[in-house]
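Residue numbers (this note's numbering), protein chains in the order written: chain S, 1 to 408; chain W, 1 to 408.
One should not assume that every hint holds.
Identical copies look the same in the list; a pair holds intra-copy or inter-copy alike.
With a straight-line Cα cutoff of 25 Å, these simulated DSS-like cross-link-like pairs (lysine-lysine) come out [claimed, not checked]: (1) Lys28 / Lys55; (2) Lys20 / Lys49; (3) Lys340 / Lys321; (4) Lys225 / Lys209; (5) Lys225 / Lys321; (6) Lys389 / Lys209; (7) Lys55 / Lys129; (8) Lys55 / Lys86; (9) Lys101 / Lys129; (10) Lys321 / Lys86; (11) Lys55 / Lys20; (12) Lys209 / Lys340; (13) Lys225 / Lys129; (14) Lys313 / Lys86; (15) Lys86 / Lys49.
If you're looking for bench data, these hints aren't it; they were derived computationally from the structure.
Being a predicted model, the structure only gives us computed values, none of them experimental.
2 protein chains.
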Amino acid sequence: MALIVQKYGGTSVGTTERIKNVARRVAKFKAEGHDIVVAVSAMSGETNKLIALAKEIQANPDPRELDVIVSTGEQVTIGLLAMALKEIGVDAVSYTGGQVKILTDSAHTKARIQHIDDGAMRSDLAAGKVVIVAGFQGVDAEGNITTLGRGGSDTTGVALAAALKADECQIYTDVDGVYTTDPRVVPEARKLTTITFEEMLEMASLGSKVLQTRSVEFAGKYNVKLRVLSSFQEEGEGTLITFEEDSKMEKPVISGIAFNRDEARINVIGVPDKPGIAYQILGPVADANIDVDMIIQNVGQDGTTDFSFTVPKNDLGRAIKVLEGAQSQISARQINGDDKICKVSIVGVGMRSHVGVASTMFRTLAEEGINIQMISTSEIKISVVVDEKYLELAVRVLHKAFGLDAIQ
Amino acid sequence: MALIVQKYGGTSVGTTERIKNVARRVAKFKAEGHDIVVAVSAMSGETNKLIALAKEIQANPDPRELDVIVSTGEQVTIGLLAMALKEIGVDAVSYTGGQVKILTDSAHTKARIQHIDDGAMRSDLAAGKVVIVAGFQGVDAEGNITTLGRGGSDTTGVALAAALKADECQIYTDVDGVYTTDPRVVPEARKLTTITFEEMLEMASLGSKVLQTRSVEFAGKYNVKLRVLSSFQEEGEGTLITFEEDSKMEKPVISGIAFNRDEARINVIGVPDKPGIAYQILGPVADANIDVDMIIQNVGQDGTTDFSFTVPKNDLGRAIKVLEGAQSQISARQINGDDKICKVSIVGVGMRSHVGVASTMFRTLAEEGINIQMISTSEIKISVVVDEKYLELAVRVLHKAFGLDAIQ
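Work out the full structure, taking the sequences as your base and the hints as a guide.
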């Protein structure tokens, strides 16, 4: 008998029929004698619908009130799943993030979990109940509703597993594991039986939608055994996220290709080419709680230079407003944004021991006439920003170039 | 400068455009120097959509989980209205029932308000903010989400007015006041400038959708000045609910005609005609927290009798299940239900001083060939149950028979 936390994503609970299927799967594990805690997302499409509604009122929705609105999506799902379990004779109880309670900081729309009370859950489990928790949400110390940002339900699942010291955290999704890349873009993509934690972290942070970055970080930090599985298949071991990269006998150079349409590029043109300018530009952006990803600074000419960086597409308007407020201080000639970009990344721990990976990547893209706008690298990944229209082409040719199409 | 509680119903907040209109109206009152607390319903249609979703999972939804689900409707509206106010430069903050907090008992789907904390609201008002509260919902002492039942947002509005000792509680709706009957059924229906509290209570409890019964009771108990207004008209005094029936110079015999399609009839056939049988039948129904409205017991024959009563249509399935469970104890030959009925009621404080009201009602219906299935009376109302198909006809002929068509 184990304590298992299962997380079901939006597609897995996208209709009442699918919610009933989830209930049957949960009941099966329960019948095997396991204690089950379930974290759920909003039904697919709901969160976007709620955000669209909010934007009909405010182009840049007030973050506190946006959280009040979007958190209702998961609240509906927890009630429906609890009912579906009761309907098949399994006792269950639902909790919102605030009811658990999942305490977060006050950074609305991107809050971080600080603490989870396990008292109520433990006594429900002891009473034989399945505990269902709304993913993606929490409350701050003042009782304001917060959300964890896109994909935050994964983080909720992992954080619950960590708080409860669960034996395994199972992430059920609409795919049966982690693939070399998104099979909707490259049909030849292959499922990985294992992936190292580091690789998964890069894949997640680079836009592979299978797991949210923070959830992988969380799992690493608290040593949570994490498995990605399909909620649409009865069988299957999914992909296990391994902690020991050495457990893999043969490392491929590249394990996967991630991509991301969710960033936008901001260009700050004609700023003085002097020390401290990066801080002057990025300081106000960070103060506005906007994440900056890639950064490049051009070689200066005539004492001025151009500075570019990427931010989440959603934050583009706000970031530009912040910069325009600081425009005279940073003496920028012009500030503009481009949301027609995408980021394509190759990831693999094998990169450490192989040379020429970058040149293979750049040559492959050049042969297709794809211009690289920005580059960023880490020990096990290389990311490039290209025009959004080249996304599918870039991923496809890189997948082939790094031998990921081949059957292993 | 006054403290005004305004309540906006589902139609008044049915679209984001309408929510913006509500914001402008609230801003106008605020600009006049008043402190404003707003209670809102779910956007029209949302609650029914959520209930339908729940019923796809469970024919008789688990009450606790149903409350978790349906309470999200109002939660979306409070966020949207807070945004709409901020968008036009009025500071505002939203609260769910649990956040306020509005403490209720634990009778899920029909909870009663026990206490409202006014601390947070008072300090927000002192800080110049408009306070927006989700109608229809609260939390019990254990922190479970509860709802107040259909139309419960009116009760929230009145209860907030009572807790805050507000100067007036304004109920904004899609009609511009209380009418002699529903104008959609009888186009000749007239708006009343005042109606006594007692009449309003009967109208509400009998199915006039303008105000929920409990909200009128609440207003009476705490002496809350209540006014019904249209959210779609800029001007208009609406209908004021008066406490002194004597303030009316000339009382019409009948003030209004209410009707209700929301009840179903249960027949318990062939039970022993002995004392205590009514309690044996209705006891289990009351224990299941199902409201019983009209009750009739036929004259017994051969030592057995038939017993009929009405329950909310939503509770029909559950009530029959409860009775079937007790069938052997109550020795009933048969138990069946009929949900194709409606209740039509005439209401008026003038009834006290006029004779022949009942006979006028029964003769009018008989002349149209409408069979009366059940009758119930109080000091100021007479209700009859008839076949649902006769509803419009019955209301129309009674409206005319009691002189309500005439211009006063």
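Practice item. Could you tell me which of the hints above the structure violates, numbers in ascending order? Key: 5
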